[in-house]
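Trainee: The primary structure of each chain is shown beneath.
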Amino acid sequence: MGAMSERITRDDVAHIAYLAKLAVTDVELDEYTSQLAAVLAHAADVEALDVTGVAPTAHPYPLSNVLRPDVVGETLDRSEVLAQAPSVEDGRFRVPAILGDEQ
Amino acid sequence: MGEPLIITSPTTGADWELVIGLEVHAELATATKMFSGAPNVFGGEPNTNIDPVTLGLPGSLPVVNHRAVELGIRVGLALNCTVARSTFARKNYFYPDMPKDYQISQFDEPLNLDGYLELPDGQRAGIERAHLEEDTGKSTHQGGDGRIHGADSSLVDYNRAGVPLIEIVGRPDLTSPEQARAYVSELRAILVAIGASDGKMEEGSMRVDANVSVRLVGESELGTRCEVKNVNSLRSLVRAIDYEARRQVDVIESGERVHQETRHWDEEHGRTRAGRSKEGAEDYRYFLEPDLVVLDPSAEWIESIRSELPMLPAERRVRLAAAAGLTPAEVALHVERDFDGFALAAIEAGADPGRAMTHIEHNLTGATAADVDVTQFAKLVELEVTGALTATQAKQVLTEMVETGESPEAIAKERGFEAMDSAYLESIVDEAIAANATEWGEFVAGDDAKRGKLTGFFVGQVMRSSQGKADGKAVTALLNQRRTEAGS
Amino acid sequence: MSGADDAESSLAGSRAAKPPMGTATEIAAGIRTGQLSARAVIDAHLASIDAGESDVHAFNVVLADQARAHADEIDRQVAAGIDPGPLAGVPIALKDNLCTRGIPTTCSSRILEGWLPPYDATVVQRLAAAGAIAVGKTNLDEFAMGSSTENSAFGPTRNPHDLTRVPGGSSGGSAAAVAAGFAPISLGSDTGGSIRQPAALCGVVGLKPTYGLVSRYGLIAFASSLDQVGPFATTVADSALLLDVIAGHDPMDSTSIPEDLPSYSAVIDRGVAGLRIGLVTELMGEGIAPDVAARVRAAAEALEAAGAIVGEASVPAINFGLSAYYLIAPAEASSNLARYDGVRYGLRVDAPTTSEMMVATRTAGFGAEVKRRIMLGTYALSAGYYDAYYGKALKVRTLIIRDFAAAYETFDLLLSPTSPTTAFRFGDKTADPLSMYLNDTCTIPTNLAGDAAISVPFGLGDDVMPIGVQIMAPALGEVPMLRAAAVLEAAAPRTATTGKAM
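Chains as they are written, first to last, in numbering that gives the first Met the number 0: chain A, 0 to 102; chain B, 0 to 487; chain C, 0 to 501.
I should point out that these hints are in silico values taken from the structure, not numbers from a laboratory.
All C-beta atoms in this analysis are idealised placements derived from N, C-alpha and C, irrespective of residue type, glycine included.
Each hint should be verified, as a subset may be incorrect.
[Stated by the list, open to error] Taking lysine to aspartate or glutamate and the DMTMM-like style, the derived pairs with C-alpha atoms no more than 25 Å apart in a straight line are: (1) B:199 to A:69; (2) C:394 to A:49; (3) B:90 to B:166.
[As the list claims (entries may be wrong)] To be clear about the criterion: a stretch of chain C counts as covered by chain B if any three or more of its residues have a C-beta under 8 Å from a C-beta of chain B, and this derived list gives those stretches: (4) 42 to 55; (5) 117 to 131; (6) 251 to 260; (7) 379 to 386; (8) 474 to 483.
Start from the sequences, fold in the hints, and give me the full structure.
Mentor: What follows is the structure, given as structure tokens:
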């Protein structure tokens, strides 16, 4: 399941475009599929590496327990923020009909 | 409360049992948000409690709130969890009330693991984990009937976005809607007692989702579960779980299978409805939050938090039960109403535990422990126990004590309450019997129901002629005694 | 490619212009002592921009009026006896992925076209406090994804040494601005080489600090565990001066290093005697153009002549750096760029439902390379593929860190090319994304390790285009790194393409 040597398919790309909220035309789908496949094929050299027992590194510089005091800081001016919004009503951001569910 | 709910199918006669696990999200009582210094306050004009981090503006970065961690650890300790080294993760999905279109939460390594909650009846419900995360904004829907489906557009307010939440995931150990209610009630009491949250379901500072599945009694495999959301009160919780369980039984018995899905409780129509999301469509692509670092609370910090925990409801029940000679379940209501300290003090002051507890339970329903002086209360109980006051009189005196703060002796004297001579009582009772011969005849000869009614009649007569000073119980006892004598 | 052709196609007939009125160090000193007028300095640079910007297109926006007003204020302060700070009156160009309050910040993307941030990045605040004057926001590959600035939605930037060639990327505009004399210093960001590679291609100094040394608050994120803000300059001394101003702990950035830092500009002239420097074998193989390799060897000799002990270093896992990077960076980017959904700011393409609006907005607003990387990243994180792709790449990262650590037991610093070739021509590498990615082989490993690195101009290639040499240091190794860079700078051939010699 999901070995790097398996080629990424058109269906895979269509699905990830859906997850990433991007629309792709049929022509683009073909292009992206072959381009992504080429990159992943190159990345497949990693498959040869033995990484058993190797821990992943998420952060290059190990820090821990970075906390801030529970003190109110600077807030933003609402009008400055809303002035940048595409659509505003009653001090709120207006969006078209939402069909999905809140998580 | 402690008994599992068994649903006996009206069609097949089969017995079904419920498996319930609750997920509770509680807003933590901090001054600022989980990852920034924007204020954490309820209400207020829309989009005023915001800063770049709250809005997820390009370039903004999260920094963890110390107090949120402290309260998170308090919750974990109060729920008997192990407090662990933890990390933050991104949960990726698109939704307009999510400023970054990902939520920072904890996934692989949560703050608290493997605890339990003790219910008032003594049963334990397992807690799988309790972790920190940030809340989303809120959208209101326009057009349609104000619900999301059928709306033309929505308005989004990010005041709530970023508010610190603790998500408490209970194991599927609960077996009835009532037990679920007890779980939530107890959890809320704990959260309030430790100052972690104000736990107001109706205001949304505590939210409950119920995972419900059913299986035939005796089966060990779990059925497919559904998650029920939008439950806004304890009463709704009970109704929703009951409805959902029965719905699932119907589905299975009609030959279909239960689809694993999220369902929404429709309070108005008293039913759950399937959500719009496709089954299994969401892939949250969890990965370690690269903008935050490891959270590894020291043993010293954890212990200092533990040492500052107040006495929790379970312990308070045990303490009062021991003093009152009752079981913890029997004193649960008193602890819930914050009367346990009062009751303990009264008992310590010499009040008879039984009478004291009865008065607290029945005759102080509108009051709080602060409304009554405990020494005066103990005195009142003593007066009743020695017979100086009847039960009815004691109740009236207590009510006036709450209102005026006067001593029970003073009130009794004012009202002319005094112990009634037993010979005098007998004479009034006999007079009433003599004056109502027909009714007396029916009383002596009648069945239980008839006698019950006529007892009321005679007690009423005696009360009238004694200006309410007779003790109803004593009158009833006398009537029965006379009846026995009449029968012999 | 003959020299005569070059003269016609380069900026106003001259090679990388010397900055008007000197280096940042010289300008600041002059202004603080009242010998130079900030207004005169700014006017000179704005004139330079006027003359050359239509050819180079380094900027998305030039802040002429604001810069003049700011300069006047600096002059007033000096007159009143107030010290404006270590960068007093120094013009600086800022990469357009740094938030500047009230000033358009676009990441060279349509999706943020016209967006005015309501806050300043921490580094922007520190620059203002030091008296520096922003002259404009520079062009970049869209969302910092690219190595040539050809991915900008607003047109490419051209290499001031040869306008038919790319300046490198993603901080092409910031590199070109300095190379063209529009400002003596600029800020860029480096995720896989985006400061160092354009610095090499444009013949200027470019420095990527240790991860966490400089605050990322207000830097619009590409790949959070790799991004760093860093300086461009014509001299090593200027880059150290700028680093002094922007580096240091920031409580608004949880990944910010809490340690106290030394003053970098104070120590760079201490030479390299006794420093052990390793030439990285894996980065001197095929794939590196011969003229580039020759310059790197010359640099090694120069360092040896200055007293360093030079040897061969091996960092085997480096060979897998590109692969790991092209899984980790897009994965983080796919999440960082989710917020561009048309709801709160930026472009919105209307549609009947929010979901359709988001899709339409993102499809119209993002360019092809950004979409490619978002999809690559989404794939690497998706259910069923996480372990094989992203999860594995994080382990490769550990191996790279280990191999670097091993090398740094023997050596204090490492040496390599910055870019495999000199600046290529527009369109040369756009047909095949992979060929573009290969530009970053030498620079990517440092980002994965979180270490420091600098590119120093060191002569010309066969095509008379600048070549940069990369010095790498372990985390928080900026001091020895700058010392070695200063030595190389002094030893660099005196050609027309180094700012100093003009």
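Trainee: So, for every hint listed, does it hold in this structure?
Mentor: Going down the list of hints, with the structure as the test:
For a cut-off of 25 Å, the pair hint linking residue 199 of chain B to residue 69 of chain A stands: about 22 Å separates their Cα positions. Proximity of residue 394 of chain C to residue 49 of chain A is assessed by CA-CA distance (about 10 Å); at most 25 Å being required, the pair is judged to hold. Taking the CA atoms of residue 90 of chain B and residue 166 of chain B, the gap is about 14 Å. The hint holds against a cut of 25 Å. Counting residues of the stretch 42 to 55 of chain C whose CB lies closer than 8 Å to any CB of chain B gives 0, which falls below the minimum of 3, so the coverage claim is violated.
Proximity of the stretch 117 to 131 of chain C to chain B, defined as three or more residues with a beta carbon under 8 Å from a beta carbon of that chain, is established by the 3 residues found. Here the stretch 251 to 260 of chain C counts 4 residues with a CB under 8 Å from a CB of chain B, which clears the bar of 3, and the coverage holds. Under the rule that three or more residues need a Cβ within less than 8 Å of chain B, the assignment of the stretch 379 to 386 of chain C holds, with 4 such residues. Using a Cβ-Cβ cut-off of 8 Å, 0 residues of the stretch 474 to 483 of chain C lie near chain B, which falls short of the minimum of three, so the contact claim is violated.
Hints 4 and 8 from the earlier list are contradicted by this structure; the remaining hints agree with it.
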